[in-house]
Amino acid sequence: MSEFTVAYARPRREWLAAAVIWSAALVVTGLFLWIVGDIVRHGIGQISWGFITAAPADAGRAGGIGPILVSTLLILGVCMAVSIPLGVGTAVLLAEFTSDDNRFGRLVRLSLDVLAGTPSIVFGLFGLAFFAKVMGLGFSILSGGLTLACMVLPILIRATEEGFRSAPDDYRLSAAALGLSRAVTITHLLLPAATPGLVVGLVLGIGRALAETAALIFTSGYVDRMPGSLLDSGRALSIHIFDLSMNVPGGNANAYASALVLVALLLIINAAAAWLGEHCLRQRIVPV
Amino acid sequence: MNDMRAEFRPWFALAERPPCCEPEPFIRTEHLSLHYRDKPAFRNVTLAINTGCITALVGPSGCGKTSLLSCLNRLTDMIAGAHVEGGIEIGGENVRAPRTDLIGLRRRVGMIFQKPNPFPLSIARNLEFPLREHGVKDKSRVAELLETTLTEVGLWREVKDRLNAPALSLSGGQQQRLCIARALALKPEALLMDEPCSALDPLASGVVEDLIASLRMRYTVLIVTHNLAQARRIADHAALFWVRNGAGELVEYGSAKQIFETPREALTAAYVSGMRG
Numbered sequence: 000m001s002e003f004t005v006a007y008a009r010p011r012r013e014w015l016a017a018a019v020i021w022s023a024a025l026v027v028t029g030l031f032l033w034i035v036g037d038i039v040r041h042g043i044g045q046i047s048w049g050f051i052t053a054a055p056a057d058a059g060r061a062g063g064i065g066p067i068l069v070s071t072l073l074i075l076g077v078c079m080a081v082s083i084p085l086g087v088g089t090a091v092l093l094a095e096f097t098s099d100d101n102r103f104g105r106l107v108r109l110s111l112d113v114l115a116g117t118p119s120i121v122f123g124l125f126g127l128a129f130f131a132k133v134m135g136l137g138f139s140i141l142s143g144g145l146t147l148a149c150m151v152l153p154i155l156i157r158a159t160e161e162g163f164r165s166a167p168d169d170y171r172l173s174a175a176a177l178g179l180s181r182a183v184t185i186t187h188l189l190l191p192a193a194t195p196g197l198v199v200g201l202v203l204g205i206g207r208a209l210a211e212t213a214a215l216i217f218t219s220g221y222v223d224r225m226p227g228s229l230l231d232s233g234r235a236l237s238i239h240i241f242d243l244s245m246n247v248p249g250g251n252a253n254a255y256a257s258a259l260v261l262v263a264l265l266l267i268i269n270a271a272a273a274w275l276g277e278h279c280l281r282q283r284i285v286p287v
Numbered sequence: 000m001n002d003m004r005a006e007f008r009p010w011f012a013l014a015e016r017p018p019c020c021e022p023e024p025f026i027r028t029e030h031l032s033l034h035y036r037d038k039p040a041f042r043n044v045t046l047a048i049n050t051g052c053i054t055a056l057v058g059p060s061g062c063g064k065t066s067l068l069s070c071l072n073r074l075t076d077m078i079a080g081a082h083v084e085g086g087i088e089i090g091g092e093n094v095r096a097p098r099t100d101l102i103g104l105r106r107r108v109g110m111i112f113q114k115p116n117p118f119p120l121s122i123a124r125n126l127e128f129p130l131r132e133h134g135v136k137d138k139s140r141v142a143e144l145l146e147t148t149l150t151e152v153g154l155w156r157e158v159k160d161r162l163n164a165p166a167l168s169l170s171g172g173q174q175q176r177l178c179i180a181r182a183l184a185l186k187p188e189a190l191l192m193d194e195p196c197s198a199l200d201p202l203a204s205g206v207v208e209d210l211i212a213s214l215r216m217r218y219t220v221l222i223v224t225h226n227l228a229q230a231r232r233i234a235d236h237a238a239l240f241w242v243r244n245g246a247g248e249l250v251e252y253g254s255a256k257q258i259f260e261t262p263r264e265a266l267t268a269a270y271v272s273g274m275r276g
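Taken in order, these protein sequences are the chains called A and B. Under numbering that gives the first Met the number 0, read the first sequence as residues 0 to 287, first letter to last. Under numbering that gives the first Met the number 0, read the second sequence as residues 0 to 276, first letter to last.
I should point out that these hints are in silico values taken from the structure, not numbers from a laboratory. A few of these clues could be false.
[What the hints assert, rightly or not] Chain B side only, calculated, beta carbon under 10 Å to chain A, not exhaustive: (1) M77; (2) G80; (3) V83.
[Claimed, not checked] Here are the simulated distance ranges between beta carbons: (4) W14(A) <-> A198(B): 19 to 29 Å; (5) I102(B) <-> A23(A): 52 to 62 Å; (6) L106(A) <-> G80(B): 42 to 52 Å; (7) A164(B) <-> V19(A): 37 to 47 Å; (8) T99(B) <-> N101(A): 21 to 31 Å; (9) E277(A) <-> I102(B): 56 to 66 Å; (10) R181(A) <-> R36(B): 45 to 55 Å; (11) R140(B) <-> L32(A): 42 to 52 Å; (12) A198(B) <-> V26(A): 27 to 37 Å; (13) S139(B) <-> I51(A): 17 to 27 Å; (14) I120(A) <-> R36(B): 21 to 31 Å; (15) D100(A) <-> I102(B): 25 to 35 Å; (16) T99(B) <-> E277(A): 48 to 58 Å; (17) A54(A) <-> K138(B): 50 to 60 Å.
Given the structure is predicted, the values throughout are model-derived calculations rather than measurements. Backbone N, C-alpha and C define an ideal beta-carbon position, used for all residues, glycine too.
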């Protein structure tokens, strides 16, 4: 905080600019609050421990979302277990081992940007063709998780790469001048410094994965039983919400409640990702 | 300054400075040239840096002094487009050989940068981390090295009660001394210093300068400086670089006394008298 308050002259134009900026911010915040408020208002009545743990009944109109929650978490788990190591590895390759004008690096970056903009339905069809059919995983949580991993990777890689690029060159030079290997420099100095980027990538990626419906219909399917293994089909929360609101007359109340659980889950997982990043990686360094 | 170190100046007139060096070169370059893509940095530099001396590289900006330093510990390997020609020998080993052990080389030849660059770790971890990676894992040995090197750079008394504080919370001069301690903890034989005082205020600069002077005889020090008065105060030998035909060249190299008092080249005479540069 500055100790000084700068007294700006406020001509009319500046007021106008301020008004435009403030109202834009208000509209965005208002829209967000409206959506969340709507979900909470309609959904909170159904929420109970029973709803969260019980199996759905009567096509989802009654009962709860227990198996669906488990399937969602398993799909997300598969997705993250595959995409985080691959994503961080590729980000390290791009940021630390390829120069800006390296042909291979440019090709990888271009492909990632194209993939990041690819509609999720295309990923769904790819997952169906490749994971479900070619690899023989069928309609399963594994197929769904792997398909989501493909979707999330571009976001995760580019954000983590940015994190690595934002680490000052001082770290690299001073570490090299001390005879530290690149592997040591990356794990002890650069990865912690890149953590904010990694967390941003994770939050965006998890958001995209949890919200995904189209790609999962083709891959993890929509069986609403409790999955027995990763090779079972399982219904994700987003598909459940879609099904209840589009295909099941009288399913609106539980659709709202499921949406509320989804939003809460997203917030909890994002907070956990940020906390883990901060405490497991970032704290290895102590920038001022 | 709590210990008034800044007032203590090991000032010797050039003539009566104690003999420092063995006339045995530790670092030797042969017709060394460097260019970045098509832009030359310096060319055809042949130098022999004596063991245990402080040798100052002086000259105007952009004449390749810093680039020369980064050739010596092969930091140029990290710069895309940097191309080195000629020979470098340090302690009898060919630095430019493809099979040179870079980690060992950089451990033997420490480097101090213009801007203090401690790691974003605690004060203690700044020394412990490189030590551990170089295989010094015994805790009591690490603690001992921590104390002796921090004492050597005059930092122990100032930081011994807050070794776990962030290194970046230290003042600029303290950070630079920590960086010197970090290099010294690895027991190098030579130190390359790239204008180590130029980012510091005069008082801190004086403290660091005294520290560098105290390294004489124990380490071979090659220091780039823009500060002629500093070169006069601490250097045993001096080399003047100048830009000619778009690239840095070595103009004159000799003992500090000779360079500053009886320069052979007209350019050196003009530079050290302050008429040019």
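Cross-check of the supplied hints:
1. Given the 10 Å rule on beta carbons, the hint for M77(B) holds: about 6 Å separates it from the nearest Cβ of chain A.
2. About 9 Å separates the beta-carbon of G80(B) from the nearest beta-carbon of chain A, less than 10 Å, and the hint is met.
3. Proximity of V83(B) to chain A is violated relative to the hint, the smallest CB-CB distance being about 16 Å (cut-off 10 Å).
4. The given range of 19 to 29 Å is broken by W14(A) and A198(B), whose C-beta atoms sit roughly 44 Å from each other.
5. Judged by the Cβ atoms, the range 52 to 62 Å given for I102(B) and A23(A) holds: they are separated by roughly 54 Å.
6. Remark: the range hint 42 to 52 Å for L106(A) to G80(B) is contradicted by a beta-carbon distance near 21 Å.
7. At roughly 46 Å, the beta-carbon separation of A164(B) and V19(A) lies within the given 37 to 47 Å, and the hint holds.
8. Hint check: T99(B) to N101(A), Cβ distance near 25 Å, so the stated range 21 to 31 Å holds.
9. Separated by about 32 Å at the C-beta atoms, E277(A) and I102(B) break the suggested range of 56 to 66 Å.
10. For R181(A) paired with R36(B), a C-beta distance near 23 Å fails the hint of 45 to 55 Å.
11. In this structure the hint that R140(B) and L32(A) lie 42 to 52 Å apart at CB is violated, the actual value being about 59 Å.
12. Distance hint check: the CB atoms of A198(B) and V26(A) are about 47 Å apart, inconsistent with the given range 27 to 37 Å.
13. Checking the proposed 17 to 27 Å range against S139(B) and I51(A) shows it is violated: the Cβ atoms sit about 54 Å from each other.
14. Take I120(A) and R36(B): their Cβ atoms lie about 46 Å apart, and the range 21 to 31 Å is violated.
15. At roughly 28 Å, the beta carbons of D100(A) and I102(B) sit within the given window of 25 to 35 Å.
16. Between T99(B) and E277(A) the Cβ separation comes to about 40 Å, which falls outside the hinted range of 48 to 58 Å.
17. The beta-carbon spacing between A54(A) and K138(B), approximately 56 Å, falls within the hinted interval of 50 to 60 Å.
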